[in-house]
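Line order of the protein sequences matches chains E and H.
Under the working numbering, the first residue of the first sequence is numbered 1, with each subsequent residue one higher.
Under the working numbering, the first residue of the second sequence is numbered 1001, with each subsequent residue one higher.
Since the hints were derived computationally from the structure, they do not count as laboratory data.
Cβ coordinates follow ideal geometry from the N, Cα and C atoms, glycine included.
There may be inaccurate statements among the hints.
What the hints assert, rightly or not - Residues on chain E that point at chain H, a partial pick, calculated with CB under 8 Å:
hint, residue
1, I45
2, S91
3, D94
4, E155
5, F158
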Amino acid sequence: MAPMGGPPPAGGRNNMPMRGPGPVNTQEEIDLARLAGRCDEMMQIRYLEPADCEFAEKDSGFIQLKIDGKLYAHVDVYRVFPYTNPAEYLSVRDAEDAFREIGIIRQLSAFPEETGRLIERHLKLRYFTPEIKEILFVRRRAGVVTMKVRTEYGECRFAFRNNSNAVIRLGENRVFIQDMDENRYQIPDVTKLTIREQKKLDALL
Amino acid sequence: MDKKPLPKKLAETVQSLGIAEGQIIAFACPDMNKDCAFVKSYLLLTKEMLVIIDGKVNPGNVFVSGSLGEAPEEKTDVSEHEIRKIPLEDLDALKLSSQIRTGLMYCEGRTTEVLSYFTIARYGEMLQLTAAFTQLKHPQTGAETEGERGRRRRRPDAAARRPGEDAPEETAETEKKLRSREHLPVSLRLFSYLKPHRFRLMLVFLCYVAVAACNLVWPYLSGTVLYDQIMSRDPAILKTLHIQGNRFILALGLVVLGMAAAKFLIMVISILQNLLNAVISNHVIMTLRNDVFASMGELELRYFQNAQTGTLMVRVLQDANIVSRLIVDEMPGCIINIFTLVSTVVIMFSLDVKLALASLLLLPLTVFMSAKIRPRLHVLFGKRHRAERRLNTALNDNITGARVVKVFGKEPEEIKKFENTNQKVQDAEVDITKFSALFNASYSFVEEMSTLFIWAVGAYLVLRTEYISYGLLLTFIGYVAQMNRPIQDLVRIFRQWVDSMNAAERLFEIIDAQPQITDAPDALELDHARGEIELRNVCFGYEPNIPVFEDFSFKVPAGSMLGIVGRSGAGKTTLVNIISRMYEVDKGSIRIDGVDIRDISLKSLRKNIAMVSQETYIFIGTIAENIAYAKPEATREEIIAAAKLASAHDFICKLPDGYDTVIGASGRNLSGGERQRLSIARAVLADPKILILDEATASVDTETERAIQTSLAALSKNRTTLSIAHRLSTLRDADYLIVLEHGKITEQGTHEELMRLNGTYCMLKELQTNALALKGLE
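When you get a sec, could you build the whole thing from the sequences and use the hints?
Okay, here's the thing in structure tokens:
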């Protein structure tokens, strides 16, 4: 963990006043300086401006980002608030450098339409959560619930343990179900289901 | 690697490609495409190439989650699939990228390209395939470990563990007497909770009266009227019912109808009454709990440490239940039971004095049995309950402490201990069975004997006298049978009365407890605090006779950082507790910007002081809610910025649900360091003038500690910071340090001054530096 002769930081040394005299120790000094250098990056959020960024999808299937003249060949986009604010606050991270955060997209709608479509497609894949349109079949046996549902992607069959935290209620009517394989399914509004479906579901909640 | 046979159709396709099944080293079934559509694709790895068989998107495709096994085979028709072969020499590496709910596999080599997409259930087999590829390409690398990782189960469900509900019932008697200043009898105070429901209660009471009346009519109809008047063809009954002629059958029909109506009425009224009871009792419970909870919030920390938390929880939850059951369910029942008893006796005497006397002769015996002998059964039930609770605790202990038990190899002892506890449960159960068998048998024997006695006396009177008829006897038997239940109920209610009054008293004790720390009548608002702290001749002790601080004084200039060093128990945490006025000092004063904290409103004091302590508490809710605890109106950007400052942003973003992750009781478990960073973020967002760090970085690793320290250093700009730490490296930025020993400052000064002093600080510093040097950390 001792940063033996790490490169001195490029800048920001003066942004972080190290108060207190501190022991006079060269190694310590370097350490502090290095930390001070990383400090800026560690403590500030960069919000990405549409004008500065150039997102594109490469043949590889990954998103690349050109920003400040620097090219990131593979960035991943994460939702910071996946449920409460899925289209805003998206964390853009460099997949080739330990997922270091490059910046946060405040609002996807502020970006060009094409970029928005691209990022949204990737987000859809990353946060793959089929929406349950219809509950076809529910069976409970020995603590395991098997369900057959129709989603926007087609019919799904899955199973989960009823005693665990498989069914998550978010807000009044929104329900998430996590199956044994950690796939997630969501019902955006339970009250929109038919009474019969709601009854099937009630037994689980 | 365990090999599954290929699906039949796939095997045929593979053969048509000129690949023998034996050549296949690994095979996996990715189940998605890049548009999230369900497909059934295959990846085959041979010595020469990677074969990708891409499934067609078909609306009929059924997605079957991994744990449910494969879809029916007839659906896996691969003849139309797109097939692509990549020679292995074009591939340098096959890598997986874990998305949050899905995954993708990409290759590096001639091109970098995503080859397939899959849901999270397929992750394991995909990992096996890439491991097999790595093994094939670079036989010497540690591909096995990667394969191992693939087979490893992902994290287990975070099961919600609750500590054993083993809360001691004992209450501090003396404290109770000291605090109970309300002189109104408990029972009367309880009725004040019923006041909003007086109309509903009246209705409930009417219901009871109606039921009782119906019950009283029934024996009369079934005995006297049915036998003596209709069956013995008494013309008087026809006259009463206004029936012409000799139509006794019609009269019978009417009486039966009347009896049925009485029973039906009882049923309908009971339903109504239960509904009303439910509404009232739940509302009363809610109000009681709210009162208790509100009062608990105002009490100072000291109260929570005196009354054990468990006891407090039992009080809030159970006692309110017990009390409300008494006042809502039992009290009206009690009144009505007395009413039933008295009116039954009156009716019996008015019908026939001799028979009434005979009926009541053996009544004392049943009363005696239910009042004196039945309680013993309850003692036994209590014993069993306690034994069961011990069993639960033992079980709970072993499940939560499973690691400790295993580490020390104490399984046999634990099993023995468990067997003992289990034996006790069994013994208690046997005792109950024995006693209840004995009691129930003898009780019903006594009951039947008393009925027999009435029969005998009644029959004798019927035979010997003219005026007692068979029907009247039946009516009496009915009344006597009806008296048994009210008597049992009354006995039970009187016993419960004692319990409930105890519970009520405990509740009122909390409601009445006056917070000792309150705002002074003319409390100041501290709007633009500078953050100067001064302690003048402070005396304080948790127990009056054991002082922690005596005549303790020191001053922290605004905007500086004070480091507090000392052994465990030296009074470091106590010091910050009295500064934030969690406890009141006994003598002397604590001043912020020259104002005694007792003259500052608690609200503005708490707003200006934030504490990050060694015990982090996470409330049930999302991460964002937890960070914004002190400032619920915070914007998302403020929350993110605070988390970033506390070095929490990155780990939060890596959680599948980000800032929306539900944590606390049954939610996701966070590590000690993560919780610590969340509580730092909470303090950052509160933006206080005075920041207290009580071992804030005690449970994080050295690197994270440094990261947090850097954020804290930036954070302590323009703030007064008090930092307590065992690890002296944590205090490297302190402007001034004090060393506490037994509530006294033994050394103070800057780092250099203390080092020159060559005292405790110097010794501790050297000890820790040496220890770290040994570990190669410094």
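Status of the hints after comparison with the structure:
1. I45: holds, 5 Å
2. S91: Holds. Min distance 5 Å.
3. D94: Violated. Min distance 12 Å.
4. E155: It holds, given that the least Cβ distance between E155/E and chain H is near 5 Å, below 8 Å.
5. F158: holds, 4 Å
Violation of the numbered hints given earlier is confined to hint 3; every other hint is satisfied by the structure.
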